[in-house]
Amino acid sequence: MKISTKGRYGLRALIDLALHSRGTCVSLSDISARQELSLNYLESIFAYLKKSGLVIGVAGAQGGYLLAKPAEQITLLEVLTALEGDLSVYDHIGAEPPIRAFLNRNVWDAIDRSITDVLKNTSLADLLEELHTDAT
Amino acid sequence: MRLSTKSRYALEGLLYLAVYGGAGPLSVKEIASGIQVSPAYMEQIFVQLKRSGLIGTQRGSGGGFFLSRPEDTITVGKVIEILEGSTVPVRCVENRSSCSGRVRHCISRRVWVRVSDAIAETANALTLKAIKDQFIAETGGAGK
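Protein chains in written order, with the working numbering: chain H, -13 to 122; chain C, 9 to 152.
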């Protein structure tokens, strides 16, 4: 049960973008410098985030990325689903022997719910506020 | 964020033992056929569970595996820890120095801590005893 590099670095990069974007776009090279993530890797991650509608790319010399909507409206569930795909702890594949089907329903789905609840109830804005509170 | 099939089959095997092992040890062959996995894979998983003290073996004819701890002390969290090493999905939660980054204030670690806590809280509260009782209530106890 592991979160991939894409999920870990992607979340970090998106939080950095949200922290530093004050209505203006943020360049990937700035994020790369602050977070010590490779520019190449950030480019591929932001292609995903853009395709998922979480960020908007701005071309040009002063270009970079912006959040596609207010941080209040972006939940961590949306972000991690965009980066990781389905977050379930197991593969959902049709018919299962009775014990497996029972445990999927009563154990693994319960764990999935606890994960999605925590992520659904935290917005990017909540996270920024916590980081701000910690810093002061 | 997939678990390996090892953790899932381990819990299935333990549930099978809890539900059907009341009259004595069960062979790997029976358990494996009950949950529809290969006996060789089941055996590999049960060796790990035995090493961790959750199950024991009895030799000889009529021998096999049995639960060696009370069912209410075996939790889903424990089973995941044995088979996956940990219930934590990002290493920095348990060990900050596992992070190669030199950024002093990590801005995302708190998310992973929260996700890990949620997983652990749920997994550690689910005991084999509670799962077995519910299984028996749902199936009438004989639903092999």
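There could be a bad hint or two in this list.
To be verified - Derived pair list, reagent style EDC-like, types lysine to aspartate or glutamate, alpha-carbon separation capped at 20 Å: (1) C:K14 - H:D77; (2) C:K137 - H:D95; (3) C:K86 - H:E82; (4) H:K(-12) - C:E102; (5) C:K86 - C:E129.
Said to hold, decoys possible - So the derived label-pair ranges between C-beta atoms look like this: (6) C:T13 - H:N26: 55 to 65 Å; (7) C:G148 - H:S7: 55 to 65 Å; (8) H:N92 - C:S60: 18 to 28 Å.
Unchecked claim - Listed below are several chain C residues computed to face chain H (Cβ distance under 7 Å; list not exhaustive): (9) E20; (10) L23; (11) Q44; (12) S46; (13) V84; (14) I90; (15) E92; (16) P97; (17) S116; (18) V121; (19) R122; (20) L134; (21) F143; (22) I144.
Hint data in this document are derived by calculation from the structure and do not stem from the laboratory. Built from N, CA and C at the ideal position, the CB exists for glycine as well.
Are there hints from earlier that the structure breaks, and if so, what are their numbers? 3, 6, 12, 14, 18, 22
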